Every structure is written in structure tokens, then in C-alpha cells.
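**Student:** This is what each chain is made of:
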Amino acid sequence: MKRLLDIFLLRVRSLAGRTQVERELDRELSFHLDQLTEENIARGMSPSDARAGAKRSLGGVSQIQESCRDMRRTNHIETLWNDLRYAIRTLGRTPGFTIVIVLTLALSIGANSAIFSVIQGVLLRPLPFAQPDRLVRVYFQSDSQPKFPLNPNDFRDFRERTRTFESLAAMTRHDVQLSGSSADPVMLRGFLVTAGYFGTLGLKPARGRDFTTGDEMAERGRLAILSDRLWRSRFSADPNILGHTITLNTETFTIVGVMPPGAQHPGNTFQAVADGDTVDLWMPFFLYEYPDDRGSHYLDTFGRLKRGATQADASADLSSVLQQLIKEHTGRGWRIYTIPLYQETVGRSKRMLLVLFAAVGLLLLIACVNAANLLLARSSARVREIAVRSALGAARGRIVRQLLTESLVIAVAGAALGTLLAYGGVRVLVSFLPADFPRASAIRLDSTVFAFTLLVAILTGLLFGLVPALTASRTDLQNSLRESGRSTTGSTSQLRLRNLLVIGETGLACVLLIAAGLMLHSFVNLLRADPGFEPQQVLTASLSLPYQRYREVPRRVAFYKQLIANLEALPGVQYAGAGTDLPWTGYDGNADGYKIEGRSDEYNDKTTSRYHVATSDYFRALGIPLVGGRFFDGREDRDGPYVIIVNETMANRYWPGESAVGKRISFRSRPQEKDWMQIIGIVRDVKDEPNSISNHPAFWMPHSQQTERNLFIAMRSSSDPSMLANQFRVAVRQLDPELAVADLRTMNQISSTALSIQRFSLFLVGLFALLALVLATFGMYGVISYSVNQRMHEFGLRMALGARPSDLLRLILGQGLTLSILGTAAGLLCAAALTKVLGSLLYGVGATDPVTFSAVALLALATTTLACYLPARRAADADPMHSLRAE
Amino acid sequence: MSKSSDLIQGTLDLLILNTISLQPQHGWAIAKRIQQVSGDVLQVSQGALYPALHRLEQQGWIKADWRVTESGRDAKYYALTRAGRTQLQKELAQWDRLSNAVGLVIRMGAVQ
Chain A
1 MKRLLDIFLL
11 RVRSLAGRTQ
21 VERELDRELS
31 FHLDQLTEEN
41 IARGMSPSDA
51 RAGAKRSLGG
61 VSQIQESCRD
71 MRRTNHIETL
81 WNDLRYAIRT
91 LGRTPGFTIV
101 IVLTLALSIG
111 ANSAIFSVIQ
121 GVLLRPLPFA
131 QPDRLVRVYF
141 QSDSQPKFPL
151 NPNDFRDFRE
161 RTRTFESLAA
171 MTRHDVQLSG
181 SSADPVMLRG
191 FLVTAGYFGT
201 LGLKPARGRD
211 FTTGDEMAER
221 GRLAILSDRL
231 WRSRFSADPN
241 ILGHTITLNT
251 ETFTIVGVMP
261 PGAQHPGNTF
271 QAVADGDTVD
281 LWMPFFLYEY
291 PDDRGSHYLD
301 TFGRLKRGAT
311 QADASADLSS
321 VLQQLIKEHT
331 GRGWRIYTIP
341 LYQETVGRSK
351 RMLLVLFAAV
361 GLLLLIACVN
371 AANLLLARSS
381 ARVREIAVRS
391 ALGAARGRIV
401 RQLLTESLVI
411 AVAGAALGTL
421 LAYGGVRVLV
431 SFLPADFPRA
441 SAIRLDSTVF
451 AFTLLVAILT
461 GLLFGLVPAL
471 TASRTDLQNS
481 LRESGRSTTG
491 STSQLRLRNL
501 LVIGETGLAC
511 VLLIAAGLML
521 HSFVNLLRAD
531 PGFEPQQVLT
541 ASLSLPYQRY
551 REVPRRVAFY
561 KQLIANLEAL
571 PGVQYAGAGT
581 DLPWTGYDGN
591 ADGYKIEGRS
601 DEYNDKTTSR
611 YHVATSDYFR
621 ALGIPLVGGR
631 FFDGREDRDG
641 PYVIIVNETM
651 ANRYWPGESA
661 VGKRISFRSR
671 PQEKDWMQII
681 GIVRDVKDEP
691 NSISNHPAFW
701 MPHSQQTERN
711 LFIAMRSSSD
721 PSMLANQFRV
731 AVRQLDPELA
741 VADLRTMNQI
751 SSTALSIQRF
761 SLFLVGLFAL
771 LALVLATFGM
781 YGVISYSVNQ
791 RMHEFGLRMA
801 LGARPSDLLR
811 LILGQGLTLS
821 ILGTAAGLLC
831 AAALTKVLGS
841 LLYGVGATDP
851 VTFSAVALLA
861 LATTTLACYL
871 PARRAADADP
881 MHSLRAE
Chain B
1001 MSKSSDLIQG
1011 TLDLLILNTI
1021 SLQPQHGWAI
1031 AKRIQQVSGD
1041 VLQVSQGALY
1051 PALHRLEQQG
1061 WIKADWRVTE
1071 SGRDAKYYAL
1081 TRAGRTQLQK
1091 ELAQWDRLSN
1101 AVGLVIRMGA
1111 VQ
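Note that the protein sequences, when read in sequence, are chains A and B.
Just so we're aligned, residue 1 is where the first sequence starts under the working numbering, counting upward by one.
Just so we're aligned, residue 1001 is where the second sequence starts under the working numbering, counting upward by one.
Hints are computed from structural coordinates only; laboratory data are not their basis.
Hints may be right or wrong, so weigh each one.
Stated by the list, open to error - Partial chain A-side listing against chain B, Cβ under 8 Å, derived: (1) R56; (2) G59; (3) L230.
Claimed, not checked - Taking CB as the label site, the calculated pair distances span: (4) B:T1086 <-> A:R13: 34 to 40 Å; (5) B:A1101 <-> A:G393: 39 to 45 Å; (6) A:N82 <-> B:D1065: 48 to 54 Å; (7) B:A1101 <-> A:R85: 38 to 44 Å; (8) A:L80 <-> B:D1065: 26 to 32 Å; (9) A:E385 <-> B:A1101: 51 to 57 Å; (10) B:A1101 <-> A:K55: 49 to 55 Å; (11) B:D1065 <-> A:K55: 42 to 48 Å; (12) B:T1086 <-> A:K204: 32 to 38 Å; (13) A:E38 <-> B:Q1094: 33 to 39 Å; (14) B:K1090 <-> A:E38: 46 to 52 Å; (15) B:A1101 <-> A:R384: 28 to 34 Å.
To be verified - Each computed EDC-like pair below joins lysine to aspartate or glutamate, with the alpha-carbon atoms no more than 20 Å apart: (16) B:K1063 <-> A:E22; (17) A:K204 <-> A:E289; (18) B:K1063 <-> A:D277.
Values in this document were obtained by computation on a predicted structure and should not be read as measured data.
Don't be surprised by glycine CBs; every beta carbon is placed ideally from N, CA and C.
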């Protein structure tokens, strides 16, 4: 260790105290010389002969000095310094070249850094929980349900019997209305959680205490733990908040804890709330409330594996518990499905991010090829400079090193500028991200991103600098000097290299263009696809009636009935309705294994459907058309006969070839006559999400027969729907001044949000493809323009011998076209092999869609040919006499 | 171009380290001593000696300081560091192995 330190100090001394070291070396050598001289004198030489002899035998003093410097290894650093200064001077002499090359690199390196910072934040950074790799999500699964939440009693049994989990915890969304303080009532995002919820995540309250298993008993009274954000914003960070009571949903809750800042929600699927700092408060889940219910599933469950236990162990363990439960209670065809929390969180966005990363990487590659091409062009202009330097004794390695230093300077300058761009770009990126994009809050430029940028800069510098440097240093000395600056036809090998680079660049650009084209095509398909509803001129909102004041079902029905009637009486409102869901906002209610009249039990075991509640004008307000039967008329009696409306998929799946209207289903296993629900209408399918491949069966029950407290409201307006917002608030306040209005947005906003992932990735890939096309066009222009310049003499001769300008034009355009055809062909082939990775980002278009491929081929050919036109025109317009004389 | 030496690569380091292992010496004396001890067979050129000394110093095996010689002149004296002493042991052992091996091969060749 000490030796390393000494070595380091010696190096520093050699570098910093250079003159001192040099002086010592001089003294050392002169001492040696003196000793030699004295020895010679002792042998009988005259002092002057002795001195001369000594000098002779000592050899070249400066060579010894040079070797000693080499030995001190400081030469490298000095050379580097000289090279750097020289590089900066040389680049400064050609500002146009430097600006173009630095800007193109800055754009592509900046884009890479920005996208990488998203990847780093979303995919690479560990989840914000203790030892996140031990956290696993637990679901039920059946033939019809890939991921199903758990039932509270099942959950409790799993928690008691598991042998692979250190702890299991569950949560379910429970938004609450905070009122009682001076401000207007607000809806808060709340979760009911089991004891050990925070502990499982590795979180602890900053103040107060965590929930205990005792708190899972309803008798303990109602408790709440606040998020740091809520504590600060609503309770002005009151340090004595613990023990205070607040009014939630008109009930009294005692605050027992406050979480620290950054205590994040892990994300859930049932009534999903995006992960991150998205939850306002947590309340204990009363686990013993419904001892006999094994049918309702609404708990999002996760657990912390014991040290050493694997996901497979956990799955096997829970599966065996599930087998016991099925034996103890009459269970159905459920299986256990586990997935690591990390995968569950980032799974949906991973592919899109990797596609973006690949796209931006291709862009960088194109920028590299472009830079290499520019450097090659420049190095042929510097042939003489390099020849002179090698004539003066510069070794080839030395010249390569000098040229590489130049390209590194360019790359680092590009990276520095690119980082600035990325700094701004990341903010724009994040603001464009869909609101529920997983882990969006973790995206920022950090030291890892800077390290990545630096690495990219060095690699790109080497990548685009190496070939030009090697080519340039291979200059034929004699020829270059003899030709004394006359424009040579350029070494053919160099021209071939530049042609190859342009072909490569065009090909890479084509790959990006095709990716962008396919995504554009998909996006247009999505926009054109019939959503099954009419999103224009619809305002939506959500309401949640507090249990305490709306305990009785008739009150709930009356409230919504009155509200809808008041809304429909407003002058601007055509229809108003309420329902448990809005299109494209995610669905949670599922009914499985219901009975269809006249079918076998075996058949009925496999039935599945989305389960909704709606008021009569819900469908008209959203513009969901009726395809058979009729809508609810608002006169459905609470005690039956029960009626439902189904969607086309449900009608066609369970009653193929016959009309579903008039058919009956029931939730009871032994239905009495009054338990049957009769289908009175069939409505058009609405997809779960805009890019869903197939539709799910669905049915709606009238609100008067299946009453909910929490409903979405939809109002169809005759003009701009956002104008209705205030009238809506007033209408709600008139009926219940303590009720909070939440989620006010137009249906257009919802449908736009539903497409945000597609829009976001299309925008970015499109932008990268456009940049790539511009770069490739530059590249083509550069190569053709260069070769035209080189061949002016030849063209002059041809003209003099009778060639017409159009012949020249054709000749040069032909040359360019050959290159772009080769490049485009290569690009199409690569694209055909690569576009499969786009996968779910595509909609209604094959990965090798011929329309997109041919359109991109035409675009690439057209632009690159256009790039050849200017230089070709120049050659054709030139005066042959002038071109000949110029030589 | 100044590194011409009759010595096998690496052997010079060994000779220098060994020469100054008894007491610190300046460059001139090191060269003289190697020449004398080897009976004028090994002549270390200055062009090889000084770069070698600087290299050994940079590697931390020897350290230098300025002292006054017997004749009253300033000279740069080199001495072994602790790491240098270990290095010398290593190189000596290596040399023994190598020369033994070479010797074996040569003798085998002579028998045939």
C-alpha cells in the first residue's frame, strides 16, 4: 500500500515538478560525464581530449534524457496534453465542420442519456423497499382470470399457514372523504391494509406506530396513518398530530402514525392506483368482518420471502395451502399465481422502454457513422499535413493517437452539450409520460446516467474515430507529397469505405423509419378503430357516498336518481347517467361461474363476465349504442323481476345463433324463480383498453336493483363538456354539501390518456427516425458531393468530348441511387428481422407490413436521391473549360 | 534506440538491485562496479543505465537522494526500498531457476 502511495507521489512529482526533475537529471548526467573525464585524464589523456572522449562514450545526452522521461511515464500525459491542444486548435480552424459534427453527436448522445435515465429510473434502480428482490405478489388464477385478487378469509389462512414467507400482507383501495375542517371536503386516496403491511415492505412510521393484528378487529375503533404529504399539506406538519381525530366519510378516525417522506405505494391491480407517492393515508383492514365469505375477492396481496426461499418455493407452499382450503371449504378451480414485485411493477413498460433504448442506440450508431464519414472526408483534405508529419518522423501510432484524440475531443464536447440537452429532455419526457407510468417519479439524471454518458462519449469517439484515423495514417508519403495538394481522385479504398458507411447509415435509418412507420400505422389504426362509444362532448366525474350517511339502500338510489334528474334538467345536458365503470379506465368487477338457464353445471362453471352497475341513461350519455332489446327504463323494481343488459360478446358467446334478449342468468347455485336475471338489451362491445385484442363478456345491472355507493357520472353535453364542470359541482352541493367531487375529466381526456403509452413511444421513435433520416441524407450528400468534387476534371473531359449535362446528371444520380438502393435493401432486411420485438406496441398491423415497408423504402430512396441532386446539378452546370483549367 | 544492451532483458534490473543492496551507490559507481565484478565482461552503457534507474525508482523499488561523494561532489545515490529488497529476492530466485534450466539444457546437448 505504501509503495503504491510512493509511486503515486513520484508520478505527481515527475509531472508537477518537471523542471526540478529535469535539473536533477542534468546534474546526474554531468556528474557521470565528469567521472568519465577524470578517468580518461587518469589514463593520460589531455583534459580536452578526455572531455571529448567522455562525451563520445556517454552517447547522446538528449536521448538518455528522453528515455528517462519515458521511464517516468509522464510522457504519455505530456503527449496527451499536446495532442489535446493541437486537436482543439485544429478543430477551431474548421468551425463549420466542428459545429455540425458536435451538434449531431450532442443530439444523439443527449437522446441516449435521456432515455437511459428513464431506463435507470424505471428498470435499473431497485424498488424503494428493503431488500426488494424478496418481495413477491400473490394472486389467484383460473382459466378465465389470469390475475385475481384474494378473499380476506383465504388471505388470513395463507398468512397463518405459509412456511416460505416471512410475512404476508394485503391491501385494498378505500378512498375516503375528509371533511370537518374549514376547507371544502376532499377525496383522499386511501388504502385498507392488514397488520404488517408496512413491515413487509420494510417501511416504518416516522411518528407514532404501525398497525398491529389487534387493529384488524373492528372493536378497536377506526385508526389512520397519514402520508408525509398529507400531514404537511392538510395538517401543516403538526408535530402533535398523534392521537388527534379526523372525520373521514363522516366517521371519526384516530391518527396513530405518520409515514416518512418517500414511503411509496407498491402499486396494486384491483381498483389500481399507480405505484409511487400516490397514497394519502392508510387504515387497518378489518380482517374478521365477514367470517363466512369466501366468494368476494378484492385484496391485493404480497409477501416477503424468507431468506433463501425462491419464488417457486413460495408458489408450491401457497398451492399446498390452497389445496387444504379447497378441501375445507367448497372451493372452485383456483390456482396460485406469484410474480416478483419488480416484474409486476415494470413488466408492462419494459418492452416499450427497451424498444426506445434500441431506437436511440440506432440513432447514435447512425450519428457515429455520419461522424466517421465527415472525418474521412476531412482526413483526405489533411493528407498533406499528415504526410509532412510522418516525413518529419512521426510514427504511425503517434499519428493515429493524434487523430483519435481529435475524435475524442469531438465526442466529449458532444456529450457535454448532449448532457445539457438530456437535462431538459428528461423533464419533457417525464411530463409526456402517462400519469400511471410505473416508477415515473424515480426518473432523473444521476451519477449513473453521467457515467453512462461519459462511457458512451468515449466509445463513440473511438468508434467513429478509429477507422478514419487508421485510414489517414496509412497515407502513401511519396504520392501525397508529390501531388502537392492537387485534388487527387481520392484513394479508391477510401471512397469504397465511405460508400459502405453511407450504405450502412441509410440501412440503419431505414430500420428506424420502419419501426416508426409501423408504430404510426398502429396509432392510426387505434384512432380509427371504433371504440364502441362516443368520447366527444362527455364530462365525467366520480362520487362516493359515505357509508354512515347512506347506510340505507333507498337513500343511495334516491340520491343518484335525483342527481341524474337534476343534471338532465340542465340546459346544456343531453343525457346523464351513472355507472360503476367508465370505458378505458380499467375494469375490476368480474363474475365467474354464474348460471345460464338451461345449461349443464359443467358448462356454467366456466362462465365468466365483467360485472357492472348502471343507471338508465348511462349508455346514452357515453354513446354506447344498443344493438338489440332496450335500455333500462328507470322503473326496475328493487325486488325484481331482475333485469340485465349484456354486451355483444356475452350475447354471442353464450347464445350463439339465437337472440340473447329474454334469456336468463343467475348468481345462485340453486336459483328460485325470483333469482333469475333476464336480459332486456344488448349493447355494443367496448374494449378494456384501446389496444385490447379481444373483448370480454360483460353485463350491467340497473342501479335500482344492485346499489352501489361509489359511481362514476357521465354527462353528454350539447357543447363543450368542460363548461358543465361548475354546474355539476353546484348540482352535487345542492343535494349534499358535504360530498366531494373527484376525477372531473372529459371522456376525450380519458381516451387520450388511454393512448398515452402509444403516443409517447410513437413520438419518440418518430423523432429518432426523423433525425436518422436527416443524418443519412447529410451522409449521402457528403459522399456524392465529395466524389463530384474529385471528378470535376473527368466530367470536364466528358463534356468536352460531347457528353450532355443530362448524361452527367444521370451518371451521378445513378451512383447515388445505387448506394441508396443497397442501403435501403439492407435496412429492409434488418427491419424484417427486428421489428418482431415491437410486439404489443403494434396494433392491427403485421411486423412486416408491406405498406409500411414499401412506403419507407420509397421515402428513403427519394430523400437520399434528392441529396445527390444538388452535387449532380453542380457537376452538370459546370463550365467544362473551367473544370479542365482548374486542374 | 538507446537501449542497446548485451544484457538479457530484465537482467540489468537484477544487477542494479543487487549492486546497491549492500550500500547506496550513485549511477557511475553502479556501472563501474558491475564492470569490475564481472571482470569487464558486462559493460553497462549509460544510455541503458539511467533509464533503468528511473524506471526502478518509478516502480518504487529504489529511492534516490543527493549526497556528497568522497571527492566532495554532489551525486545522486540510489538505495533499495523495502519493496525493492523483496523484488531482488524474487528476481534472484528467478535467475537461479532460469540459469539452472539453461545449464541443464546445454549439458544435455553436450552429452549427445
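**Student:** Which of the listed hints are broken here?
**Tutor:** Going through the list in order, the structure violates hints 1, 3, 4, 6, 7, 10, 11, 12, 14, 15, 17 and 18 and respects the others.
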